[in-house]
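Undergrad: Residues per chain are reported as follows:
Protein chains: 4
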Amino acid sequence: MTIGFLGAGNMGEPMARNLLRAGHQLRIFNRTRARAAPLEEAGARVVSSVSEAVIGAEVLITMLANDDAVRETLLGVSAAIDALSGDAIHISMSTISVRLSKELAREHARRGQPFVAAPVLGRPDAAAEKRLWIIASGARATIARCTPIFDALGRGASIVGEQPWQANVAKIAVNFTLAAALEAMGEATALIRKSDVEPRVFMEVLNALFGSLVYENYGRMIADRAFEPAGFRLALGLKDVGLALDASRDAAVPMPMAGVMRDQFLSAVAHGLEDVDWSAISEIAARNAGLT
Amino acid sequence: MTIGFLGAGNMGEPMARNLLRAGHQLRIFNRTRARAAPLEEAGARVVSSVSEAVIGAEVLITMLANDDAVRETLLGVSAAIDALSGDAIHISMSTISVRLSKELAREHARRGQPFVAAPVLGRPDAAAEKRLWIIASGARATIARCTPIFDALGRGASIVGEQPWQANVAKIAVNFTLAAALEAMGEATALIRKSDVEPRVFMEVLNALFGSLVYENYGRMIADRAFEPAGFRLALGLKDVGLALDASRDAAVPMPMAGVMRDQFLSAVAHGLEDVDWSAISEIAARNAGLT
Amino acid sequence: MTIGFLGAGNMGEPMARNLLRAGHQLRIFNRTRARAAPLEEAGARVVSSVSEAVIGAEVLITMLANDDAVRETLLGVSAAIDALSGDAIHISMSTISVRLSKELAREHARRGQPFVAAPVLGRPDAAAEKRLWIIASGARATIARCTPIFDALGRGASIVGEQPWQANVAKIAVNFTLAAALEAMGEATALIRKSDVEPRVFMEVLNALFGSLVYENYGRMIADRAFEPAGFRLALGLKDVGLALDASRDAAVPMPMAGVMRDQFLSAVAHGLEDVDWSAISEIAARNAGLT
Amino acid sequence: MTIGFLGAGNMGEPMARNLLRAGHQLRIFNRTRARAAPLEEAGARVVSSVSEAVIGAEVLITMLANDDAVRETLLGVSAAIDALSGDAIHISMSTISVRLSKELAREHARRGQPFVAAPVLGRPDAAAEKRLWIIASGARATIARCTPIFDALGRGASIVGEQPWQANVAKIAVNFTLAAALEAMGEATALIRKSDVEPRVFMEVLNALFGSLVYENYGRMIADRAFEPAGFRLALGLKDVGLALDASRDAAVPMPMAGVMRDQFLSAVAHGLEDVDWSAISEIAARNAGLT
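Protein chains in written order, with the numbering used here: chain A, 6 to 297; chain B, 6 to 297; chain C, 6 to 297; chain D, 6 to 297.
Do not take every clue at face value.
Calculated pairs, DSS-like style, for lysine-lysine (alpha carbon to alpha carbon, straight line, at most 27 Å) [unchecked claim]:
{"no.": "1", "chain 1": "C", "residue 1": "K244", "chain 2": "C", "residue 2": "K107"}
{"no.": "2", "chain 1": "D", "residue 1": "K244", "chain 2": "B", "residue 2": "K244"}
{"no.": "3", "chain 1": "A", "residue 1": "K199", "chain 2": "B", "residue 2": "K244"}
{"no.": "4", "chain 1": "A", "residue 1": "K244", "chain 2": "C", "residue 2": "K244"}
{"no.": "5", "chain 1": "D", "residue 1": "K244", "chain 2": "B", "residue 2": "K107"}
{"no.": "6", "chain 1": "C", "residue 1": "K199", "chain 2": "B", "residue 2": "K244"}
Partial selection, computed: residues in chain A whose CB lies under 8 Å from chain C [to be verified]:
{"no.": "7", "residue": "L218"}
{"no.": "8", "residue": "R254"}
{"no.": "9", "residue": "P259"}
{"no.": "10", "residue": "R267"}
{"no.": "11", "residue": "A275"}
Calculated directly from the structure, the hints in this document are not laboratory data.
Think of the CB as a built atom: it goes at the ideal place given N, C-alpha and C, for glycine as much as any other residue.
Whole structure, please, built from the sequences with the hints as guidance.
TA: This is the structure in structure tokens:
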């Protein structure tokens, strides 16, 4: 398939590589062109404008940083959405808000364009190793057409509904659950440290209970207080909790744990931690307990 | 070894069986004698008083319901602690408070009796299948003497410190982390349900992320709203969160998530849910969102 | 002075009357013209478009419902801001976000127009009785020119800074403090009711402590569970807590109580209480305790 | 009346003076005898043992520091309760837990002794100036007999029920409401300070809203960050929030704001603030926002 691909960042770059490997033709646009350049050797065409990537594409994949980038690119002044052909599928793969997803669905519907939301689970290394998990929703027939793309990118997919925004809410809810695990580990570790128990030993106990790589990997970072380099920046964690709070407000669903995390992330930002790994939220629980 | 064993409940009964299988001699006391009776066929001597179980034992294992039961039995009117010989090890295996553990340590020290706290991770089925994880602390030499017992009961042990109460704080901290996972799943599921996504599909996504039996099993209960029979009663969940709050107060460690869970468990109790499984804490998030 | 006045709602109407009484000339625009009609008898000119109200005015007062209304009216398609003369002062008196206030300041600055934010404390009855308290900020000289207007509207004013948005943040912070008092009264009353103490008697104790009309009036509503007619709609309370959360996020200030209130208001909305008085947040504390 | 008076601390000392002024005969016991000595000049008999104060008294007033002191003194080894005559009224005036109040009621009932709980609102200066507010409960006839004492101590009383513990729960609930006001002021002030608004000006706005001496006095302390000398020690604030949490647990009433305050007070203790005024809880909101 001929794919227009917008966004060749930490996640987009390895995803684009896997699409190329699977035999798809890619026209890639990235705001900082240099970041996309290495993909040319892998067979992609790196273009200088969004419209070059979009015109004539059968599929448009967006893997952009946040709501603002997606809105600006698709619906902004030089609205890429109008350059997209009527039967081309837009697959929105970044983590965006429920509101923007609904807005995109409306705009695509007005133009008769099929639209699928398919945010992914996994960090850059999982993207590189084709181990992403895809959370997709949209019209069944459209999703069926996306299967080869999903197969090229990950180890499996969950189809959560027929409204694109449902995939976004599922992604937001999963990220919330993960953030809650980090915060819980952080509070527990503060108690453990003040009890003069070695955090590494506590993590051994935690692993015996959960038997999960997520707890194991983050547990190690928290125990060792090793938050750099950031796998996922703390500022993005705050953004994701904000998406959960926005979704919960619109749906009238109290989420007290999201409120707790918002405040811990804010305190982390207030103490200059926005650029380290988001598991550094655990440092706030420690600080609040008088640990340094 | 000759073991006095107090408490043959859901957990104590299968644990006693495994000790018998490993060749130890057991004198078992249970307040409701009938509950312990089946263990006679397995080779135990079921006795009618605490002192019969304790006198002459090389090891005393307590697996009682809560602080009150332990305090009453060991330190109460007919103080069993005084019937215990001077070199017999008391292994306290139930989930008790840090305060009581410290009190027991003091009382045993006064009598020159070695004392180990060794609470366990795992539900009754894990106890039956020798898959418990033991969290132990106490003097190194004493713990070394306990190894055959730990081997007979579980799949492994973490030695967390030399002060018995440190094992209790670790157990309390782990339970807190587990309860936090339940609450987070509950809040996420409320959002998911109000978004017309099938909870079972959401749990598929959660499993793709965590790859943990804990999330898988509890996720199924929450998705299906199947809280009976209770594997672990909600009232005990409230008790455990209370232990975390007590420990965190004594150590001056703020734990905002424990506060959130306390309130959710209290609301569950106020709505008559104390006897169903503690994963029913998720019903409170649903109820607060107007779901029924 | 010649004043363009936008918004003749519950608050705007009595405020306009007081300005007329003080001898000012008013050109009033209200989206629903009929609402403004009675002001004609009081001497105002009721106009049919924003621009008619704005052109030639020495002062523009906005008392509109929310951010959207202000943004639409001032900066929207038929941007009223461009119809405003270069030395006319815009006094923004409604409760708007810090972000919008900053945006307005920028837009006015570009046009060389003086801008003052002056949100007010008080409900419609206070507005009618000239008992509002005005929270103002902006350039000192500009505020000095507004004095006759503030004098006509209220019993006093606090000048909180030279940046207009500082008045908005102060208003948001005060409303937050008030909402916190309501939530605290609600939680306390739930405990009191479950203890079989008469809420009215509890309010007597509260009044003995605080000696504040705010506690007295809201306490009576909460004790009697009399939430209609709404003095201030619960949906607006949720909006105001949202403004506090937005401001606190932008300033990186954790505000855990704002998070608690957000969830209680959301639960109230989920249970159909958005149109009753915001003191009905107390019903959620009662409901969570199993009271009906 | 002949009154046995236990506890001549910050509050008890001025209360005892007012009882002497009203013509009552007092036998006062204080653990640190020297503290009570000045009361001898005022006409009291300062005694060296609890029993000397209790034997023969018509009324026993306890104004002791906390639950432990009350339990120890009344029910401990040399149980003062047994020295009290059968028709002497015990008026428990300190802030104690609901549980202890119920226990005292049971013990007094067994001995046929009338029992009234009558905790007071007000700080030492209010006690000196006879401006306390008394929150009383107990059998009506018994309370009627206490009226001269209440009249001698304060400016009024609320009779909240016929069960003594109901007065304790009312006192605990009122203190909770006050603590919530402090925390709310603290969070608001952190936002205000980060917005470069002068806290004193913000307090002016707050006073315009609440018109309450409580807000005025505490607002000044928070704005000026003047927490010494302590009018009410922060450690006592944590204790009082703990009483609210205990009462709410026993009554199954979620109180999320109490949870928030618990954590803020704990963080304050972790940072060495237990001996300054409890309004220093506001320092934690500031610290969490990165202010120093």
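Undergrad: Confirm or reject each hint.
TA: For each hint, the structure was consulted:
Our distance criterion of 27 Å between C-alpha atoms is met by K244(C) and K107(C), whose separation comes to about 19 Å. This hinted pair checks out: K244(D) and K244(B) have alpha carbons roughly 20 Å apart, not beyond 27 Å. For the proposed pair K199(A) and K244(B), the alpha carbon gap of about 22 Å is at most 27 Å, so the pair holds. Only pairs whose Cα atoms come within 27 Å are accepted, and K244(A) paired with K244(C) is accepted, the gap being roughly 20 Å.
Note on K244(D) and K107(B): the hinted pairing holds, with a Cα-Cα distance of about 22 Å set against a maximum of 27 Å. Between K199(C) and K244(B), the direct Cα distance comes to roughly 21 Å. Compliance with the 27 Å bound is thereby established for this hinted pair. Because the beta carbon of L218(A) sits about 31 Å from the nearest beta carbon in chain C, more than 8 Å, this interface hint is broken. Annotation: R254(A) was flagged as interfacial toward chain C, and the flag holds, the nearest CB pair being 6 Å apart, inside 8 Å.
For P259(A), the interface hint holds, since its Cβ comes within 8 Å of a Cβ in chain C; the closest pair sits about 4 Å apart. For R267(A), the interface hint holds, the least distance from its beta-carbon to any beta-carbon of chain C being 6 Å, beneath 8 Å. Given hint, A275(A) at the interface with chain C, holds; its Cβ is 4 Å from that chain's nearest Cβ, closer than 8 Å.
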